[in-house]
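Engineer: All chains, please: the whole structure from these sequences, using the hints.
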Amino acid sequence: MQTITVEYRGEEFELKPSFELFMRIEDKVAFNRLAAMVERAAQSDEGRLDLPMSQVSWVLYCVLKHCGVAIKNPMEAHQALFANELPNYGEVLGGLISAYYGAAPERPIKKKSAKAK
1 MQTITVEYRG EEFELKPSFE LFMRIEDKVA FNRLAAMVER AAQSDEGRLD
51 LPMSQVSWVL YCVLKHCGVA IKNPMEAHQA LFANELPNYG EVLGGLISAY
101 YGAAPERPIK KKSAKAK
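Number 57 in my numbering belongs to position 57 of the sequence shown; there are no gaps in the numbering.
Just so you know, the hints here were simulated from the structure itself, not pulled from any lab data.
Predicted, not measured: the structure shown is a model, and the values here were computed from it.
Mixed in with the good hints, there may be bad ones.
PhoX-like, lysine-lysine: derived pairs with alpha carbons at most 25 Å apart [claimed, not checked]:
1. Lys28 - Lys72
2. Lys28 - Lys65
3. Lys16 - Lys65
4. Lys72 - Lys16
5. Lys28 - Lys16
Computed Cβ-Cβ distance ranges for the label pairs, DEER-style [to be verified]:
6. Thr3 - Pro87: 12 to 22 Å
7. Phe82 - Phe13: 12 to 22 Å
8. Glu26 - Leu81: 14 to 24 Å
9. Asp45 - Ala70: 32 to 42 Å
10. Asn88 - Gln43: 16 to 26 Å
11. Met23 - Asp45: 13 to 23 Å
12. Ser54 - Glu20: 16 to 26 Å
13. Gln43 - Asn73: 26 to 36 Å
14. Met23 - Met75: 36 to 46 Å
15. Ala70 - Ser44: 15 to 25 Å
Where a beta carbon is used, it is the ideal one built from N, C-alpha and C, also for glycine.
Structural biologist: If you want it as structure tokens, here you go:
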């Protein structure tokens, strides 16, 4: 899986998405909804993300926690968004979506052969 660079408060962190991160995010935000909203924003003239900021904040909170950042709660991520302390959050969201839909099992799935009786 690719690595995503997260800029937060002037520092860069490397994020390697994992299934655990995806599960944590999807506790509150469905990836299909996130993907649809990001795609719609990319296609609009305004480039506006039509997703509740509380959900964007949750996703970024999960990402920062996964990177090892000492962030206390989603409200801190929300405040960082509006203070422009997460300047590449759009790239991070795009990278997460790519990683989520492009993810393959780490080990090949073994097929069980049907035994003749």
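Engineer: None of the hints should be skipped; say for each whether it holds.
Structural biologist: So, going through the hints one by one against the coordinates:
no. : hint                      : result
1   : Lys28 - Lys72             : 17 Å, holds
2   : Lys28 - Lys65             : 15 Å, holds
3   : Lys16 - Lys65             : 12 Å, holds
4   : Lys72 - Lys16             : 21 Å, holds
5   : Lys28 - Lys16             : 20 Å, holds
6   : Thr3 - Pro87: 12 to 22 Å  : 18 Å, holds
7   : Phe82 - Phe13: 12 to 22 Å : 20 Å, holds
8   : Glu26 - Leu81: 14 to 24 Å : 20 Å, holds
9   : Asp45 - Ala70: 32 to 42 Å : 39 Å, holds
10  : Asn88 - Gln43: 16 to 26 Å : 20 Å, holds
11  : Met23 - Asp45: 13 to 23 Å : 35 Å, violated
12  : Ser54 - Glu20: 16 to 26 Å : 22 Å, holds
13  : Gln43 - Asn73: 26 to 36 Å : 33 Å, holds
14  : Met23 - Met75: 36 to 46 Å : 22 Å, violated
15  : Ala70 - Ser44: 15 to 25 Å : 36 Å, violated
In summary, the structure is inconsistent with hints 11, 14 and 15 from the numbered list given earlier, while agreeing with the others.
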